[in-house]
Structure formats: C-alpha cells, structure tokens
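As given, the protein sequences belong to chains G and L, one line each in that order.
Position one of the first sequence corresponds to residue 365 (this note's numbering), numbered consecutively onward.
Position one of the second sequence corresponds to residue 365 (this note's numbering), numbered consecutively onward.
Note that these hints are calculated values from the structure, not bench results.
Mixed in with the good hints there might be a few duds.
[What the hints assert, rightly or not] Chain L stretches covered by chain G per the calculated footprint, using a threshold of three residues with CB under 8 angstroms from any CB of chain G:
(1) 411-420
(2) 439-446
(3) 458-470
(4) 480-491
(5) 623-630
(6) 654-665
[Unchecked claim] Part of the chain G face toward chain L, derived, beta carbon under 10 angstroms:
(7) I416
(8) N484
(9) G600
(10) Q680
A virtual CB, placed ideally from N, CA and C, is assigned to each residue, including glycine.
Number of protein chains: 2
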Amino acid sequence: MMSRRAVLTGPLLAAGCAALARASAPIASTQGPGVYRYNLGDYQLTALYDGIWNLPIDNEFVRNASPADVNEAFAAAFLAPGVLPISFTALLVNTGSKLVLIDTGTAGQITDSAGLMNANLAAAGVTPSAIDTILISHFHPDHIDGIKTKEGDKVFANAEILVPEPEWSFWMDNGNMSRASDPTMHRYFLNAQRIFKDIAKEVQQFKPGDEVAPGIVSVPAFGHTPGHTAFTIHSGKQSMLALSDTAREPWLFVRHPEWQPSYDMDGPLAAQTRNAMLDQAAADRLLIEAYHFPFPACGHIVRNGAGYELVPAMWQPL
Amino acid sequence: MMSRRAVLTGPLLAAGCAALARASAPIASTQGPGVYRYNLGDYQLTALYDGIWNLPIDNEFVRNASPADVNEAFAAAFLAPGVLPISFTALLVNTGSKLVLIDTGTAGQITDSAGLMNANLAAAGVTPSAIDTILISHFHPDHIDGIKTKEGDKVFANAEILVPEPEWSFWMDNGNMSRASDPTMHRYFLNAQRIFKDIAKEVQQFKPGDEVAPGIVSVPAFGHTPGHTAFTIHSGKQSMLALSDTAREPWLFVRHPEWQPSYDMDGPLAAQTRNAMLDQAAADRLLIEAYHFPFPACGHIVRNGAGYELVPAMWQPL
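Taking the hints into account, I'd like the entire structure generated from these sequences.
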C-alpha cells in the first residue's frame, strides 16, 4: 500500500507545474535553536544543546558485553553500529537571583558537529557575562572545554567556578599524570591543566555532598571519574536530579546499567553508582536530566526488566 | 542520599551571598522555538510546533478500555490522569522547488496554549506567503483552522490547498450536518464550512492514494474520520510515513493500538488502520512522523508485546 507511488492525475500534475514556477525556499544548513525551558518550583531550567560527536567505537567499547549485544542495542535505537552519537546538553538554572550553568559544552574544541552551546545561550537571551556560577561535574574535556576559547580566553567573565575537590586533586596532580600510560588519559590531564592552571585562584573546590549554589546540592557519583559528581536541584516543593555522566547514552546504559563502557574509569564502581541512582530515580519518580541524553535531555526513569528505560519529557509550552 | 540538602559550608555561603548581589536574569515566559529540521534524500523536513491543548477527558474517552487501564497508561507516561495533553506539530516539506505544508496548526482558535505554528514558521525563516501547497489530512479543526485567521482572512496567500475528496464530501454536506446530533460533531461541520465554503473554488480534492505533490503520496487511512489520510514522502532512496491522526498520543494508542478513543469516528476501522500502519512501520523500520506525537514528532516504531512503542528520533545537528 505504501511502497509505490500512485500515478499523477491530470489536474494535479498541472497544479504541480504551476507551483514549480514559483520561487523556492533554500534548504537550510543549520538546525533550529536547541533551547528548551522548564520550570521547577520558582526556578527555571534551560536545556542548552551543544551538538553531537559521532565517535567511532571498537569491540572493546563495552568491557562486559559482547559486540553482538552492543550492536543489537544500537539497532534497537535505530542507530548504525560502530559509531556512537555522543550528544551534549548543558543545563542552565535560573534561581531568580542567580544564573548557574552546570557544565559548559565543548566550545567546538572536540568536533565540528558540536560547539553550539553559546549560540543557543544567545538564542535563550543570555550573555556569557551574565552567568554567575559554573558548576563542573567532572574534568572530562566535553564538560570543561567551554570555560575557555581555543585561544585560552575565559568565556564567562563574571562566573565563579566550582569544581569537585576529588576531581581537582586527581587531574591537577603531575604524579597522576606521569603514571597515565594511556594516551587519551594523558591528553585529559593536559587539557584539565590547560583549562584550570592559570585560573586556579578563581576556582573553588567543593566536597561532593555540599550545597554548591542556592538549592543545588552536589551528590557523589564516583566511578566515571574519581570525583564525578551529580546534582540535585530543589525549589519550593519540587526537586530533580541532574545525573551528569552517571548514565550516558540511554539506549545503552539506562537499558543496561550493568554494562561498563571504556570511558568509565572505574567500571564496577560506575555501574554500582549508576544502578543506585537509576533505582532511586525510578522508585521516587524523579524528574531527571543528563548531559548526554538526547536533547532536551530530561525525563523520567522507569524499571524495565533487569534495566531501566528513559521516558523523555513531553515538549511543552511554558 | 539525595533526599536531604547538605549543610552549607562557610566559604560557599559567602560566595553565594556575593553572587546574590549581582543582577539576575528574568524568568522567561515563553518556550524556546519549536523548529526541528531533518533531511530525507534531497528534501528537507521541518517540524513546526504549535503547542498543546490540555483537554479534560472522562471515563468514556477510550471506549474499550477501563478507566483504570487508561489511568495506568497516563501514569506510565508521567502524566496526571483526567487531562489529555494534545500536542500539535505541523510538517513542512521543502522539495527544493516547492514548500509543502501538511496540516496547518490551530492558529490559536482552539486553546490559548496552542497557536505557535506561525511564530515557529517565522523562526524557521519562512513567510506564510512562501508556502506553495497545503495538504490537509482531514477536516478536524486542529488540522484546518490555520488556513484562516479568526477574522476569516486567508493566512497562506499563495498556497494551493489540496484536501481528501471523501473528507470534502462528508463535511461539506448539509444533509450529513443535519443528521449530526452530537454537538461537537455539529461544531466540526460548521467549522469546516467556515474554513472552506467561501474558498471552495480554490480547493482541489484528491483521491486518497494519489500523488499530491512531487514525491508525496496520499494514503487512505480511514476510520478517524471518513476520509482521513496519511502521506508517504519519497526523495532519492529515502521514504517516510506521515501518520496524520492514525496514531495519536503514543503512550496510549501506539502502545495500545486496539484502544478506541472517542475522537475516532469509526473506532473499529480506525483501530484496524492503526494496527496495519504501525505494523508496516515496525516491519519496514520506516521513519515516521505524526501530528500529535510530542515535538519534534518523529521517530520509529518497534513492536512491544501486543502493541508498539515509539522510539523518538535523536535530536541532531544538520
């Protein structure tokens, strides 16, 4: 029924030709703005899309799952195997008196198909200099690169920067760097030092568990990196959980929380953290948000067999 | 771990107070633009968000499901029972030489929380006068009201309007109107006549099954209304299926395709059509789009037990 085209009828063909004579609109080369707002109590959250990094992966990408099982999970998500589309969405929290940005996007320093966050911040009507506070979940490049331009200039002129103390201790330590034999890890150390070393005096360290901004509480979520941190956000009677990288691509690691991707530094600990947080999110029916969930990167978690499922939030008017 | 706030530490409290002294950004009152582009062969599709109608429903909303089962389906979607959030997203097809709009949004004539389509069309850089062709799936008000303003003026000055012949025959017939005892149905008749009567000479009728624009083939999908029509879109080697109202809220009628909502005029026929199309979409792994799916209203269908599941498309840069 739907696989073949019906024959054009005479009158319609004539109408089609008349229309063809009109001017056409150009095919657009850019996506629509990636700005999605939702309210939480008196706070307003804005999901700011940064883009996607299409990263080729190999058979060792998930340490404890067979390539066949991983490929099946890709197919179930209508994705081609062998390339991981890593989506980036930063979260802006407007408390009414403060603008708090959780993680900072890639600033185009990782791949050409990401780096849209500042354009989307502008589309949201916010200038970088209006940001009061930057909260960093961990020191992987895709979360901290937005702090500086490629040329090394600070992007958020007036923002205080708060980072997890155990992240700072780990990544800013030259001894740890010298012991990192893996070239990617070595690059992460150098990148963390590029971003933070000359602004060290301006950076405040927090202990995961601390309240880090009004109504925003950091939550230890170790495993992905040594000091990886999630955040809960509270306003009025409402709360939500920003998972950071606790669970990344939902079609892989929400559905299979026990899978250990190679980008989790401590695979077993990260899986334990992931299971605990997804379990709590499902049990408490928490609104959740995660940096690598598909834009607008928010929704709820439900149990599904041995794993979980993301129920994306429905796009709403404000 | 996540249910209580940690105590504010001294230094952080001081930092918080300093930040509170800064100017704050206003809480926004409007959602970000609802414009999402995706390519299909040489064609470009643009999902244009119109908003949501929060419609109170009663226990008879699904004719053949218990209120308890319906409420459970709402809860599984993290929605409160008793109010149906009806989302509207129109689809713009740019063939490179023609701009074809499939259905026209509500133009603010149904509820205050919908009527954003023309603002989103503007955000997409398209003026109403640039639209070459309007394809109408069926004559329910939320699909045709955008053709005219409340005051009765045509919105798309240069567009040819193509409608399914059996829709025209049914809704423009005064005998059928006089036999409609249900007040909502009577209102639909009057509304169809308000929209079409004085522009009847400009409206072309097509036979469902006809090719109605270059690469766009209408597909009979009767049941929701007597002439309700879906569309397949073909460009290069790629195809997709625009379901129109064949399946509406996915958490209800994709998951339970046999359920018969009161807005389907012929419930059994609509369910048969819905099952057949979802079955084909799942079997052929078709890209699909539907007017009432949550924005951006596109994705894929997979089988899930006795029903199906929508796998929303991942938001991508272009």
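Against the structure, the hints come out as follows:
Coverage of the region 411-420 of chain L by chain G holds [criterion: at least 3 residues with CB-CB distance below 8 angstroms; count 3]. For the region 439-446 of chain L, the assignment as covered by chain G holds, since 4 residues bring a beta-carbon within under 8 angstroms of that chain's beta-carbons and 3 suffice. Counting residues of the region 458-470 of chain L whose CB lies closer than 8 angstroms to any CB of chain G gives 6, so the stated coverage by that chain holds, three being the minimum. Remark: the region 480-491 of chain L is confirmed as covered by chain G, as 5 of its residues place a Cβ nearer than 8 angstroms to a Cβ of that chain, reaching the required three.
Closer than 8 angstroms: that is the beta-carbon criterion, and the region 623-630 of chain L has 0 residues meeting it against chain G, so the requirement of 3 is violated. Evaluation of the coverage hint for the region 654-665 of chain L: fulfilled, as 5 residues show C-beta separations to chain G shorter than 8 angstroms, against a requirement of three. Among the interface hints, the one on I416 of chain G holds; its C-beta lies about 6 angstroms from the nearest C-beta in chain L, closer than the 10 angstroms criterion. For N484 of chain G, the suggested interface contact is upheld, since its CB lies about 8 angstroms from the closest CB of chain L, less than 10 angstroms.
Residue-level restraint check for G600 of chain G is violated (minimum Cβ-Cβ distance to chain L is 13 angstroms; threshold 10 angstroms). Annotation: Q680 of chain G was flagged as interfacial toward chain L, and the flag holds, the nearest CB pair being 6 angstroms apart, inside 10 angstroms.
Consistency note: the structure conflicts with the earlier hints numbered 5 and 9.
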